[in-house]
Amino acid sequence: MPAQKDNLKPRRPGRPRGSKPDADKREQLIDIALQLFSQQGVARTSLNAIAREAGVTPAMLHYYFNSREQLLDVMIEERFLPLRAEIGGVFGDYPDEPVQALTEMVKKLATLAAQYEWFAPLWMQEVIGEMPVLRQHLHARFGDEKYQATLAMVKRWQEEGKVNPHLSAELLFTTLLSLVLVPFSRMRKDERLAMLTPEMIVGNALAVLLQGIGPV
Numbered sequence: 001m002p003a004q005k006d007n008l009k010p011r012r013p014g015r016p017r018g019s020k021p022d023a024d025k026r027e028q029l030i031d032i033a034l035q036l037f038s039q040q041g042v043a044r045t046s047l048n049a050i051a052r053e054a055g056v057t058p059a060m061l062h063y064y065f066n067s068r069e070q071l072l073d074v075m076i077e078e079r080f081l082p083l084r085a086e087i088g089g090v091f092g093d094y095p096d097e098p099v100q101a102l103t104e105m106v107k108k109l110a111t112l113a114a115q116y117e118w119f120a121p122l123w124m125q126e127v128i129g130e131m132p133v134l135r136q137h138l139h140a141r142f143g144d145e146k147y148q149a150t151l152a153m154v155k156r157w158q159e160e161g162k163v164n165p166h167l168s169a170e171l172l173f174t175t176l177l178s179l180v181l182v183p184f185s186r187m188r189k190d191e192r193l194a195m196l197t198p199e200m201i202v203g204n205a206l207a208v209l210l211q212g213i214g215p216v
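Each residue of the sequence shown is one higher than the last, beginning at 1 in my numbering.
Hints may contain errors.
[Claimed, not checked] For lysine to aspartate or glutamate, the following EDC-like pairs were computed, each having C-alpha atoms within a straight-line distance of at most 16 Å:
#	residue 1	residue 2
1	Lys-146	Glu-170
2	Lys-107	Asp-93
3	Lys-189	Glu-117
4	Lys-189	Glu-170
5	Lys-146	Glu-86
6	Lys-155	Glu-97
7	Lys-107	Glu-199
8	Lys-25	Glu-53
9	Lys-155	Asp-96
10	Lys-108	Asp-93
11	Lys-108	Glu-199
12	Lys-108	Glu-86
13	Lys-162	Glu-97
14	Lys-162	Asp-96
15	Lys-107	Glu-86
Just so you know, these hints were derived from the structure itself, not from any lab.
With the hints as extra help, turn the sequences into a complete structure.
In structure tokens form, the structure reads like this:
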């Protein structure tokens, strides 16, 4: 007797019944989201766009992340905070040696920008762009306590005569970030800068930082 055909319609792709989230798929979705965010900004990237790029249905993406806000929370917790901790750790290692601390910060930024291709362009999108969603989200979650503590450290260095008193503490870190991350962001898109290497970027940033632009 022939087997009876199953008259049920095939289930549409989405959340698998009884399944558990797949860690590798989750990491892949975060990676794709970071890639798209770095290319076109967080505000301009929808969950549907991420799903299309990943080759999954929106329902599958929602299986892992209920909303863009939850996705941003995960990205901040799992990707941004570890990097920020690495950068901030430099100042813990050299609390009384500002030149060494800032030198190591430049090197650390370059290392991270080389390792994570999304890091530099996403910083460009979120700092220079008109809609810094990620920065606002980060501030809403964690405030600016660490930022204020870092500013206080720079001002203390200035009072102790260890850092140029004419520098603006509020602009110092933006300047250093720009010296490192702008070239990393542009070198992958501008053929005129394609010959740049991480070593060249670090060398240029440190030359500006330590010697300025006057004759040596």
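Query - Hinted pair Lys-107 and Glu-86, Cα distance within 16 Å - result: holds (11 Å)
Query raised in the report: Between Lys-108 and Glu-86, does the CA-CA distance stay at or below 16 Å?
Result: Holds, at about 8 Å.
**Report entry** Hint consistency between Lys-146 and Glu-86 [alpha-carbon to alpha-carbon, up to 16 Å]
**Finding:** holds (13 Å)
Report task. Decide if the proposed pair is consistent with the structure: Lys-107 and Glu-199, CA atoms, cutoff 16 Å inclusive. Result -> holds (9 Å)
Query raised in the report: Within 16 Å, alpha carbon to alpha carbon, are Lys-189 and Glu-170?
Result: Not satisfied, since the Cα-Cα distance of roughly 29 Å exceeds 16 Å.
Report task. For the pair we were handed, Lys-155 and Glu-97, check the Cα-Cα distance against 16 Å. Result -> Roughly 13 Å between the alpha carbons, so the hint for Lys-155 and Glu-97 holds.
Requested in this report: Compare the distance between the alpha carbons of Lys-146 and Glu-170 with 16 Å, and conclude whether the hinted pair is satisfied.
Outcome: holds (13 Å)
Query raised in the report: Under the criterion that the straight-line Cα-Cα distance not exceed 16 Å, is the pair Lys-107, Asp-93 satisfied?
Result: holds (14 Å)
Query raised in the report: Holds or violated: Lys-108 with Asp-93, Cα cutoff 16 Å?
Result: The hint holds at about 13 Å.
Query - Restraint check for Lys-155 with Asp-96, where alpha carbons must lie at most 16 Å apart - result: Distance ~12 Å between Lys-155 and Asp-96 Cα, so the pair holds.
Query raised in the report: CA of Lys-162 to CA of Asp-96, is that 16 Å or under?
Result: Holds - the C-alpha atoms of Asp-96 and Lys-162 are around 9 Å apart, at most 16 Å.
Requested in this report: For the pair we were handed, Lys-189 and Glu-117, check the Cα-Cα distance against 16 Å.
Outcome: Cα-Cα ~12 Å, so holds.
Hint 4 from the earlier list is the only one contradicted by this structure; the remaining hints agree with it.
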